[in-house]
Every structure is written in structure tokens, then in C-alpha cells.
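Protein chains in written order, with my numbering: chain V, -10 to 166; chain D, -10 to 166.
Errors might be hidden in some of the hints.
Each pair may be met inside one copy or between any two copies, as identical chains are not told apart.
With a Cα cut of at most 25 Å, we get these calculated SDA-like pairs of lysine to any residue [as the list claims (entries may be wrong)]:
hint, residue 1, residue 2
1, 156, 70
2, 156, 34
3, 156, 143
4, 156, 44
Since the hints were made in silico from the structure, they are not lab data.
2 protein chains.
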Amino acid sequence: MLEAHGGRGVRMGDIARAAGVSRQAVYLHFATRTELLVAATRHLDAQLDLDGRLARSRAAGSGVERLHRYIEFWGDYVPRIHAVARALLAARDTDEAAAAAWGDRMAALRDGCRAAVEALRDDGALAAGWSADSATDVLWTLLLVPSWEHLTRDCGWTGAEYVARMKTLASRALVAG
Amino acid sequence: MLEAHGGRGVRMGDIARAAGVSRQAVYLHFATRTELLVAATRHLDAQLDLDGRLARSRAAGSGVERLHRYIEFWGDYVPRIHAVARALLAARDTDEAAAAAWGDRMAALRDGCRAAVEALRDDGALAAGWSADSATDVLWTLLLVPSWEHLTRDCGWTGAEYVARMKTLASRALVAG
DNA sequence: CCGTCAATTGACACGGTGTCAAGAAGAGGA
DNA sequence: TCCTCTTCTTGACACCGTGTCAATTGACGG
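Could you build the full structure based on these sequences and the hints that come with them?
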């Protein structure tokens, strides 16, 4: 349902109706809308085998390869989780729990960025001018969901273009030489 | 008031009270909350002399200088408009008019990016691999408000760091050589 | 047969936006 | 002085979405 509505405007009553159940029944399982949203993201992560997808990046032989694999993973993953991410992102403004849940996911993204940057650094391939910290911050920011949204929706980039150009961008920006 | 609350949680009643006027009086001047928000951004642009601030970038002698001046302008401007931008951004999800107003501002940002990229291209300084369009999209995305927010709030970058590192990033990514 | 558990119905509180109607206060002109 | 226009006030209300509560029903298992 979130996917059908771009992550917006899905109410508890809509969900209940779609599940063939009363609105109150939903509250018997999820105390708040945010809790339901968070459960949906967890479910999605499990269903999509988040950890498995990350394995390819972790197994990379070089820093640059790791960076590229990570961008490939992310470019493939974001569109799948986008709608629910969008909903969580919107809820964040008014709901403390949603903000925390979003923070967790962003921390995980940062871990991946950090690992890629450290792999680069260990190869001596981190471009001059960046510390591991600042490079991590940059990569982390490049991969933000709103940026993906902007590029694919407002700029009309395809998923493949996103991956290819993001690789170019990150490589030019962060990799030495 | 928006600045005091990070652009969130400011209600019509709060505004009225702060203005020493009844809530309904506000509605005599602005039909909707969004209209008031949009008026506030216009007011802010005029007060901050948006056009004047852009002049320095427009007067740049080279493409690279123009790019750098534009990033300096933006890095100085965003923190000043951030709270109201945040509010507009939040309203965008539920309000068509807010989405349109935001779209306008983003289009203006894009125009600036486009001009900088074309200046680079005309100098023959646009890095291989980018078309003017894709380079514009990239720069446009780098400067997005959520990214600025993320870097300054979540990553703890200062305004000066934002400008300096964004210049580095954009230069490495887009400028040849 | 009884207890438990999940679900149902219907009502309600709350918070925020936007609307409406009746009236008050002041300014300016005939 | 009176009249009118404009602006504002007060207070009520509709609407929407979330979350709560209470009373009830129906199925399943010991």
C-alpha cells in the first residue's frame, strides 16, 4: 500500500480494510502507527535478505571494489525499501520513535560507508584532503534517501544511471589518482 | 518562531498569539498555513537580498570560480532560510501548494547549478563523463537542503566546513584535471 | 461447560486546520 | 452627528486522523 501511494497518505483504517480486519484489530497488534511502520521495515529487511545482499560488498578485494559494490547494493536496495522509508521519514517529524528508528537505519548505512572508506584508506587510495571521518560523512550524505529520490524522480535518472553515476561521483571525489 | 523550533511544531494559534492577535485574524491575512509559509519565504528572500547575494557568483571570471562562489553563496544562505525551508518541506507531503512552492525554489537552485556547470563547460573544464545535464543534476543534488541538514546536524560540520568540503567535493567530481 | 483469546462494534477524547456568524472598535466622510 | 467600511474579536463548529475504552461475540481447547 505504501508503494502504491508513494509512502504517503496511508491511514490505519486503510491498512485495516486491506487486511480485512477492523481498525481496532490493527491496534491489538501494533500500539501505534509508527510501531507498525517499524515492523514493516524489519519485515522488509528480512524478506529482502539485507545481510545477504551486503555480503558481496564485504567480500570485495580492494577498497575501490568495496565502494563500488556498496553503491551497487544500495542502488538496488533503496527502490525496494523506498516507500516505507518515505513513510518513516515523514513520521520522523512528529514522532520520537520514528526518528529513533530512522536514526538506526541511517547508522547502519553509515557503518557501510565507513567500512568502504576504511578499505580505501587501507589501500592508500583515499584521496588527499579527506580524513576517514570526513570521507565517510561525504559518502553517507551522497547516498541519502532524499538524494536518491531527487535524482530518480525529479531528475529522471534510472536505477542503472544512479548506480553508474554515483560510482563515478564517489570515485572521482574520494579515490586518489 | 520556526527557527526557535527547528521548523516544526509551530501552529497557527502560536503565531497568532505571538503576533498579539486572534487566531482568526491570521486567517484574514493568509487563507492557509501554507500560504503564510510561502509568504514568509518570500519575505525572507527579500529581506536577505537573495538577488544581491547571487550577483557575486554571476560575476565570476571562470567556471571554477563561479562554482565556488555559488557554493559559498548557498552555504551562507541555507542556514538563514533553513527553518522555513524545513517547514515548507514538511508541508509538502500533505499540501499540494506547498509542494509547488518548494518546487519553485528547487528550480531556482537548479538554475544556479546549471549556470555554474555551463560556465565550466564553456571553459572546457567539465570533467569527462558528465554531460551538462547530468553534471547539473549532480551539483543540484549535492546542494539539497536535506543533505545540508544531515552534514551540519548529524555529522556536526560547521558552516565553514560545509562550504570548504563541498567545494572540494564538487571540484573533484566535476572539474577536469 | 467454562475460560481464554482474538476480534468486533460503536463511542469518544484530543489536537490541529479551517469555517462561520455575530458583534465591537475605530477611522473617515457626508 | 451619524453612517459606513474595515479590521478584529469571541466563540462555536466541522473535519480528519490517531489512539482509547467498554461491552459483546465467536471459536477453540482443556
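Hints, verified against the model:
With identical chains, the CA atoms of residue 156 and residue 70 are at most 25 Å apart within one copy only, with a shortest distance of 21 Å there and 32 Å across copies. Taking CA atoms no more than 25 Å apart as the test, residue 156 paired with residue 34 passes inside one copy only; the shortest distance there is 24 Å, against 36 Å between copies. Taking CA atoms no more than 25 Å apart as the test, residue 156 paired with residue 143 passes in both settings, with 20 Å inside one copy and 24 Å between copies. Proximity of residue 156 and residue 44 under a CA criterion of 25 Å is satisfied intra-copy only: 19 Å inside one chain copy versus 34 Å between copies.
Of the hints listed earlier, there is not a single one the structure fails to meet.
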